[in-house]
Structures are given as C-alpha cells and as structure tokens.
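Student: So you can see what is in the structure, the chains are spelled out below.
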Amino acid sequence: MTSQLFSPDVQQTLDLIGIFVFALSGGLLAVRKNMDIFGICVLAEATALGGGVMRDLVIGATPVVAFTNLGYFVTPLLAALVVFFLHPEVERINRAVQTLDAFGLGLFCVTGTAKAHDYGLGAVSSMALGMLTAAGGGVIRDVLAHEMPALLRWDREIYAVPALVGSAMVVVLIGAGQLTTASGTASALTAFVLRMLALKYGWRAPRAWHRNGSRTSEE
Amino acid sequence: MTSQLFSPDVQQTLDLIGIFVFALSGGLLAVRKNMDIFGICVLAEATALGGGVMRDLVIGATPVVAFTNLGYFVTPLLAALVVFFLHPEVERINRAVQTLDAFGLGLFCVTGTAKAHDYGLGAVSSMALGMLTAAGGGVIRDVLAHEMPALLRWDREIYAVPALVGSAMVVVLIGAGQLTTASGTASALTAFVLRMLALKYGWRAPRAWHRNGSRTSEE
Amino acid sequence: MTSQLFSPDVQQTLDLIGIFVFALSGGLLAVRKNMDIFGICVLAEATALGGGVMRDLVIGATPVVAFTNLGYFVTPLLAALVVFFLHPEVERINRAVQTLDAFGLGLFCVTGTAKAHDYGLGAVSSMALGMLTAAGGGVIRDVLAHEMPALLRWDREIYAVPALVGSAMVVVLIGAGQLTTASGTASALTAFVLRMLALKYGWRAPRAWHRNGSRTSEE
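Chains X, R and E, in that order, give the protein sequences. Each residue of the first sequence is one higher than the one before, counting from 1 in the numbering used here. Each residue of the second sequence is one higher than the one before, counting from 1 in the numbering used here. Each residue of the third sequence is one higher than the one before, counting from 1 in the numbering used here.
Bound-form chain X, shown alone (with noise of 0.2 Å):
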C-alpha cells in the first residue's frame, strides 16, 4: 500500500479537517439558495464526500469508504450545523475558508491519485481520479443546487489545474519510488500553493481560440 504516506492517526486527522471545510463550502450554497437544515446537511454530505465516493465506485473500493468511515460521515453533519447557526460569521471568513479549502484540494488530490495506483490504475487514470476526488464532491453539489457547475466555469480562477499538478507529482514519485511522507506533503503543498497563487492573481485558463472569428475577443 503506497498510498499510506501518514500514520493512520495523522491521515484520519488531515482527512477530517479537509471534509470539514469541504463541507462548509456545501452548507454555505445551501444557505444562499435558501435551502433548510435538511438541504444545508445534503449539499455539506455531498461535497465533503462526493469526490471520494465517485473515485471509490470506479477503482470498485466498495463499500466505499465515505459509508465505512463514520468519523467522515459524521463531519458534515457537524460542519452542517455550524453553518445552520453561524453562517454570517462563516461567510465574513471567507478568506479562512478558501485557504482550508485549497488544503483540502492539495490533500485530496494526493491521497485519491495514491489510493487509485493502489488498486492497480495506470498513471494517467491516476491523475484524474487523484483531481476527480479533490474536485468532483464541488461539481456534485453545483449539480444538486441547480447551479452551474463552478469547476466548468471560465470566470473563475482555476481549482482543478493545481490539483492536476499535485497528482501528476504523486504519479512521478511512485514511478522513481520515491513517494514518500516528505514527498507526498510537498506535493500537496505544491497544489496548495499553486491554489493560493490562482486565487491572488486571478489566474484563469484560455478558453477555445477563434471564438466569433478572433482570438482577441472577450466577451
């Protein structure tokens, strides 16, 4: 098993606070679309969860460990709550948020490209299981609130890229051997930060050339 690059303790603990904040993201659209206590535990179980549900279905890890795990099951519904109760205050730490996010991002895609190669995936299918899991619980929680899914959008910095960055990374480790507690952080880091840098600059991905017969056009 290369994909335990923590000691149980360390990962569990990493994973619970990346679910935490996953799911915040979920209950805080759930508030904006005026949705109850009921709908705000649905969209936090569903982003939290979501991505790593969908990695588990396709590698055939099933049960899937979001059902198994009941300490992952459990927070958000915990985040849940503190959304039901405090999302002003949520809201106004936005920026807190987004950072923890962006962590949750550079963790995911980590453990989910190492989970993958575990149960025999090539490097490529890897990569973007390891993005699906960091990435896919956002698209299911648009998908659900009848939204846009974010992922897809142009206007918005990009999240799936740095975690392609993150994963690839893992993938090269394993390659060389060399994917390690060290090597596998760095790489999450790497994602992080790349995280980080789109939000602060506003970095975004070309869309289609020769869009209305020009290049140059933006609409």
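Hints were generated in silico from the structure; no laboratory data involved. Keep in mind that a hint or two might mislead.
Repeated chains share a single entry, so a pair holds when one copy, or any two copies, can fit it.
[As the list claims (entries may be wrong)] Okay, derived cross-link-like pairs now, EDC-like style, lysine to aspartate or glutamate, Cα gap no bigger than 16 Å in a straight line:
| hint | residue 1 | residue 2 |
| --- | --- | --- |
| 1 | K33 | D155 |
| 2 | K33 | E147 |
| 3 | K33 | E91 |
We have chain X already, so just place chains R and E on it with the hints.
Tutor: Then chains R and E, alone, in the frame of chain X:
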C-alpha cells in the same frame, strides 16, 4: 440476512407497488416538462429505481438488483404507459398518488436500511442509505428534468425526515435483535404516517438562523 | 465471452473512433457554453466515456474500462484539443460529425448490450444497458453543462430509439446463438441507419395523449 423481513412473494409485491407509484411521479413530471414517451419512460425508471441503484453501488451489490429483477425493471414502463395515456386522470387522483408515494417512502427506507446493514455497514451509514433508497430517485428525477431537486427546497413538506425516522427505528431494532416482520412493518408505518401528517399540516424544516441578520425574517 | 465481436485490434480502433466523435460533441457544447480548455476536456471525457462508466458500475465491472484502457482515456483529450483550436471548422462539418455520432451510437449499443449479457444480465436489462452505453454520456454532458438533457427533449430527432432497436437485435441474436461479427455489424448498422433517417426526416417520438385536454394540440 436480516433484510428478509417478509416472505419473498410479499416483499416482491410490496416492492412493485412502491416502484409503480414512484414511477408515476417521474412520468408525471416528464409530462409537465413536455417530454415524449421516451422521456416519460426514462424519468419513470430513474425515479423508481434510482435510489436503489445508488444504494447498491455504494454497498457494492452488483449487478444492481434493479437490473437483475425483471419485475423491478418492467414495472416503471407500465407506469409510464399509464401516464402516457391517462395523465389527466392520474393528476386528478393526486391525493391517492401522494398517499401511495408515502407508502413507498416507508417501505423503501426500511428495506434499504436493512439491506445496507446486511452488507456490513454501520448504524449511521445504514440509516443514510435507507433514506437514500427512499428519496434518492426523486433527486435523480429532478436533476434529469433540469429542476431544482424538490427534496432540497425549503418550501416543500418534509420528505426525507420521515424516512430517516423509519430508518432509525430499523437500526435500533437490529441493534436490539428485534427486527421482525411486525417491527419492520411498524417502522415503515411510522415513516408513512409522519409523511402523511407532514402533508396534512404543512410541516417544513427550519432554514438557517440569522438569514439577513434576523431569525424572524421570512421571505 | 460473446462480447468479442471483432478482433481486439478492430474493436479498439472502432471504439476509439466512436469515443473521439462523442468527445467532439462534448467539447463543442463546452465551447458554446463559453467554458475554458479544462471544461472542454471534462465535457469531452464525460460525453465519450460516461455511458460506458455507468454500464460498468451497474454490472460491477470495476475498475471501469474507461480508466484502465489508456487509449479510451486519452482519445477525448485529443478531441478536446481539436475543438479548442479548430472549433469553427468542426462546427462547419456538423453533418459529418452527426454521421460519425450515429456510427458511435450503433457501435456502442451493440457492444454495450453484449458486455452486459456477458456479465449475466437478462435480455431486457442488457438492452437497457446497451442503450445507456450509447446515450448515457450525452445526458451526463448536458447535466454538467446545466442544460436540459437533449435526449429527453421532445423536439429533437429520436436518438435512443435507434439504439434500442440495435440492442434488441443483439439480444435476439444472442438468444438464437447467432451473434457473430456479421450479425453484430448488421445490428450496429441498423441503429446507424435509423438514426440517420430520423435526422433526415425529422422523426420524433409522440408526447402524452390529452395534453391540455386535446390530443391534437401542438404548442
């Protein structure tokens, strides 16, 4: 196998009734969205079987039962035909359809919880999967029909909460070694009655505190 | 294994053609929705592989082939690049794209049905999964792009029905012990020709009777 609450014939009959009426709700939405007969069949199938398919995928019960039990698969097509030819009449008996829908809700939350527990899931996850079995198909229906999921709208009578109560009763009964045909039926009836009461008295779940700075604001 | 209709090399070549053109349709929608290169890649992948992924999940064929066959995974990225740089040209040859799309529809309904049958599913379920393989990716594409699924719109030429006919032929052929390369190809061609005729003559499926009290009303 604790999930064998009823004799196989009784179970199959109950399941088919629940599937039929869930399929009606899918078909009716398809008509309202002006879909053709094919769309009516797709929404009928998705609404009736979607929750069970998601449960089976999560617990690893593949091939999923919705595709291996011919009766489960064909019943929604019969409901689709009924809607295709008689939808004004079906709309007119809406109260009866809602009552049968509450029956399906009670049945599927109980059998879904028991099946998840049979596959080794814990109490909390089994509850969640029972609710997913009962309420998940309606979410897929709404996503496919490009609508905000009714389950997540604050202005609808509670739907998932009665299912959660039924699921919780099953989990407690399993823990106490007391899940029998009688106690399982009582759990399903509890969910059914709660849903009917919610419809009668307009029960809704609370939305987040401090929306717009005041808990009492109601838009 | 009845699903080995063609020699592995021929099968892989045909599959990659079908995947490429399905991916084009995903990429083109992404451009129309003003997505960036990342969104183009995601919609290309989802459209091309989504149907097969759902089929494999339902029948329990994990890890799903879309993530274990490198060619399947990389081909949509090539299609995404073509769309990114040349989308006006691709839009201009829309007739050719629709023809190739019908080719993919015919191919995937046949191979999807045969694979489902190989995994022990019955005739009706195998037909449904053949259709899901061929048409499911387009539904995922539309859901991700926040559009009403084209497959469910009454004002589009029939798409799934030709696939159902091809799937039904495969099921009958399997039942008669007559599924060969020749008869499988004939099934795929039948679906292809039906889809092309539907496009040429504007074939649509009927909507529910008695809409607004009159069968003849057409809005």
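Student: Next, verify each hint and record whether it holds.
Tutor: Structure-based check of each hint:
no.	hint	verdict
1	K33 <-> D155	between (21 Å within a copy, 12 Å between copies)
2	K33 <-> E147	both (10 Å within a copy, 13 Å between copies)
3	K33 <-> E91	within (14 Å within a copy, 29 Å between copies)
Going through the hint list in order, the structure satisfies each hint without exception.
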